[in-house]
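2 protein chains.
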Amino acid sequence: MLNIGILGAGTVGTGVINVLHQKSLEFENKIGSPIKVKSIAVKNIEKHKSSFSDNLIFTDKPENVVNDPEIDIIVELIGGEYPAKDLIIQAIKNGKHIVTANKEVISKHGYEIFNLAKKMGVLVYIEGSVAGGIPIIQTLKRDLIANKVNSLMGIINGTTNYILTEMAQKKRDFSEVLQEAQKLGYAEADPTSDIEAYDATYKLSIIVSLIFGNHVKVEEIYREGIDKISIRDIEYAQKLGYTIKLLAIAKHHDDGSYEARVHPTMINSEHPLASVNGAFNAIWLNGDCVGDFMLYGKGAGQLPTTSAVVADILNLAIDIKAKNILASSESHDYIKIAPIEKITSKYYVRLSTADQPGVMGIIGRDLGLSEVSINSLWQANTGEDTAEIVLITHPVTEANMNKAINLLKSSEGIKQINSLIRVE
Amino acid sequence: MLNIGILGAGTVGTGVINVLHQKSLEFENKIGSPIKVKSIAVKNIEKHKSSFSDNLIFTDKPENVVNDPEIDIIVELIGGEYPAKDLIIQAIKNGKHIVTANKEVISKHGYEIFNLAKKMGVLVYIEGSVAGGIPIIQTLKRDLIANKVNSLMGIINGTTNYILTEMAQKKRDFSEVLQEAQKLGYAEADPTSDIEAYDATYKLSIIVSLIFGNHVKVEEIYREGIDKISIRDIEYAQKLGYTIKLLAIAKHHDDGSYEARVHPTMINSEHPLASVNGAFNAIWLNGDCVGDFMLYGKGAGQLPTTSAVVADILNLAIDIKAKNILASSESHDYIKIAPIEKITSKYYVRLSTADQPGVMGIIGRDLGLSEVSINSLWQANTGEDTAEIVLITHPVTEANMNKAINLLKSSEGIKQINSLIRVE
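The listed protein sequences correspond, in order, to chains A and B.
Position one of the first sequence corresponds to residue 1 (the working numbering), numbered consecutively onward.
Position one of the second sequence corresponds to residue 1 (the working numbering), numbered consecutively onward.
Heads up, a few of these hints could be off.
All copies of an identical chain are treated as equivalent in the list; a pair is satisfied when it fits inside any one copy or across any two copies.
[Claimed, not checked] Using 16 Å as the maximum straight-line C-alpha spacing, the simulated EDC-like pairs for lysine to aspartate or glutamate come out as follows: (1) Lys148 to Glu26; (2) Lys23 to Asp288; (3) Lys141 to Glu28; (4) Lys148 to Asp288; (5) Lys141 to Glu26; (6) Lys108 to Glu81.
It is worth saying that the hints were derived from the structure and are not from the lab.
This one's a predicted model, so the numbers in the text were calculated from it and none came from an experiment.
Hey, can you work out the whole structure from these sequences and the hints?
Next comes the structure, spelled out in C-alpha cells:
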C-alpha cells in the first residue's frame, strides 16, 4: 500500500483524484499494490467535500500533508512559485517522493530541488510540468537514452499556437484573435505568460536540463513573444513556403556550446511542426541515433495533464518498490547557454522604403557592411511613395544581423523595419 | 558489471556494437555500472573480426552464447523465425534477460515467450521489434499507463509509405515506383512481406498486445496490401480531401470487443497521419485521458533501430539492478479479434458503368437492399460508352458492404468494380 497526499484540487487535481478512483483496481493490478489518496490540501474544504463522492480527507493545511509520516508520495498540483516550492522542499526533507506538474517551480528551482532529492534519496517526477499529455520527460530520459540530441524544436504553448493558427487560417489580426481566444477560454484574462512566451521558456528550461544533462538558468534563455507578428508577415511566409510558429529551440553544438531560445520562427511548411495546428503541442528533435523524431499531442487541459501526472504516480510507485537507482546517477549542475548574439540563423526582414531608385543599393550596402548576405528578395509597391521589400538572408550571426538593422534604420530611403523573424 | 551476448552482427547488430563501444563511459555513468559485450554469434567469424577494431569475441555457435553462465542479457538480432525463437527460449530457460528486435518471433511466439519469461522471472524487452526508433512499446507501457487506448492508427511500414508517397506526389504507377524503390534499397528484391502487409501485421499484433492487455493471434488480424492501389484512386482521394495510407488500425470498443486490421485506408488530408511522408513511420492514437496523440520517426534503418535496442539494453540494466516488478504483473493470455465482416467503416467505391440512363437507379437499389447508404457521389464520363462513378458511403458493416458489392457485380449496366477502399 502506498499513501499519497495531494496538494491542490483544481482542474488537474480533480482529474487525478477521479482517475485514481475510477481505475484503482486496474492500477493495482499493474503496479502490484494499491494506491491510496490519504489526504488532499485545498483552500476551501467545504466546496471540495461536496464535489467528490468518495470518503476523501480534505485539509486546508498543506503543511500537515507534507509532514504526515504515513504519506509516501506528495503530488503537488497547486501551481505557481510559492508556497508550492516551499512545500516541495519540506516534503523532500521529510523523505517523501514528489510528483509535480509545476513548470515554474521546476524551471526556477529544479537545481535546488533535484540536488536535495539526490541527497535525501527520493525521486522527483515532473512529466506533467511540460507539454501536458506529451511524455517528453520520460522519452528523453529512457527511450532516447542512447542518443545525443543535436537539436530540438517545440511548439509547447497551446495558446499562442491557437492564435497563430487562427491568424493564418482566417486571415485575422492578432488582437482580434486574442480577444476571441480569451472568450473561448483558450487564453487567460491576463495573457502575458503565454503571449510573451514566459510559459514556453519555463518549459524549454526543463527540457534542456534533460538533453544537455544539466540545468540552465531560465533567465539566460532568450525570449520573444508573438505580439508583434502581423497578418502581413504570415501571408508573406505562406507565399514563400513557410509557416510562422512560436518555437522553443535548443541546440547542442559539436563544439560543446549550448543554445536555447524561444521566439516566433518561420519554418518550412513541409516540416512536420508546420502542420501542428490549434491548441496542439509537438516536440520535434534530431538525435544522433534516432534521427528525426516527433511527439504530438495535447499540451494542456485536465485529462491530458492528468494522464502525465497519474503515469508519474504509477511509475514512481513501481520505481520505489524497485528502488530504482536512475535518479541517483543524474548530474545536477548548471551549464551556460550561449548569448543570443552568438547564434547563427537565417532571417526574414520586411521593411518599408521610399519608392525611388537607389534604395536597393543602400540595402545591399548596409547588409554587406555587416557581413549579411541575401538569399532571396521580393519588392512590392504599396501605394503612395512607399515600396515594401521582403528578404530572406543566408545564415548570419545575430550580432551581424543587429548591426545591419541598425545601419538600415539610419539610412536614407529606409522608412521603417516592419519585421525581423528568424528562419529555421 | 553486466555481460551481454549478442546474436547476429548484421546491420542492426553492428550499430548496437558500435554505439555501446563509442558511448560506453556515458552509459556507465547513466546506469551506474559498465556493460560488457562478452561474445557475439555470427555466421562468418573471419568476416566480422576484421570489421571491428575492438577485442571482441566472435563465435559461430550461438548456443554457446545463450548457454554461457556469465552472460546476463541476450540481445537477439538475427531476425526471422528460426533459429531465433529457439535461441530466445533456450536463453530464457537459462535465466537470461532478453532484448530483441525480432517482430516475427514476438508476433508469432510472444505468448509462449512472455509466459516462460514470467515463470523464469526474467525480462523481455522488444522496443526494436516495432517501428524502429519510435518508442511505442515503452510509451504504451509506461507513459500512457493511465489511459485506455480507444483507437490507434499507425503507418508502421516504411516501404509501402514510401511507395504511396511517391505515387501521390509524382503521379506515378505502383509498379514503376516499386521498381525504383527496389533500386534505391527502400524495397527488398522480394517485396512480398512489405507490399502484402505481413510486416505491418506482425507489428500491429505486438502493439495490440499492449493496448488490449493480452496477446492476439496474428492470423486473426485482417491483412490487405497496397498492390491494388491505382494512381486513379490516389487522384480521386486528393480531390475529395483524402490521402491513401497503409494503416494498421486497432480499436477497443466500449462493448469490450477488439478490432485489429491492416489495409489501405483513405484518411482526411488534415489528419496528422496524412502528412507522414516517405519512409517515415507514425503512430496516432486516442486515449481516454491523453486525447489525440502521435509519435513520429524513422521506423527502420541501422541507427534508429539501434536507438531502440540500446535503450532496451540500458533500461533493462537499470531495471535488473532495481529488480523491477513491472513484468511479473503483466497478463499474458489470448483474446479474440472481431472478424473483419463485423467492423463498421465508411467505404470509397470506384466503379465503371455503362453510360446510360437508369444506372444510377440500379446502384441506389443494390446499395439500399444491402443497407448501405451513400454519403456522396461523383460521376465522370470516361469516353466510349463507359462512365466512372465514385462514391463514399456512410458507415456500414463490412458484411453489408460485401453484400452490396456482390449485388452490383451481377447487375445490368455495372461493368466493373475498380476499387473498394475503407475510409477512416
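Which constraints among the numbered hints does this structure fail? Numbers only, ascending. none
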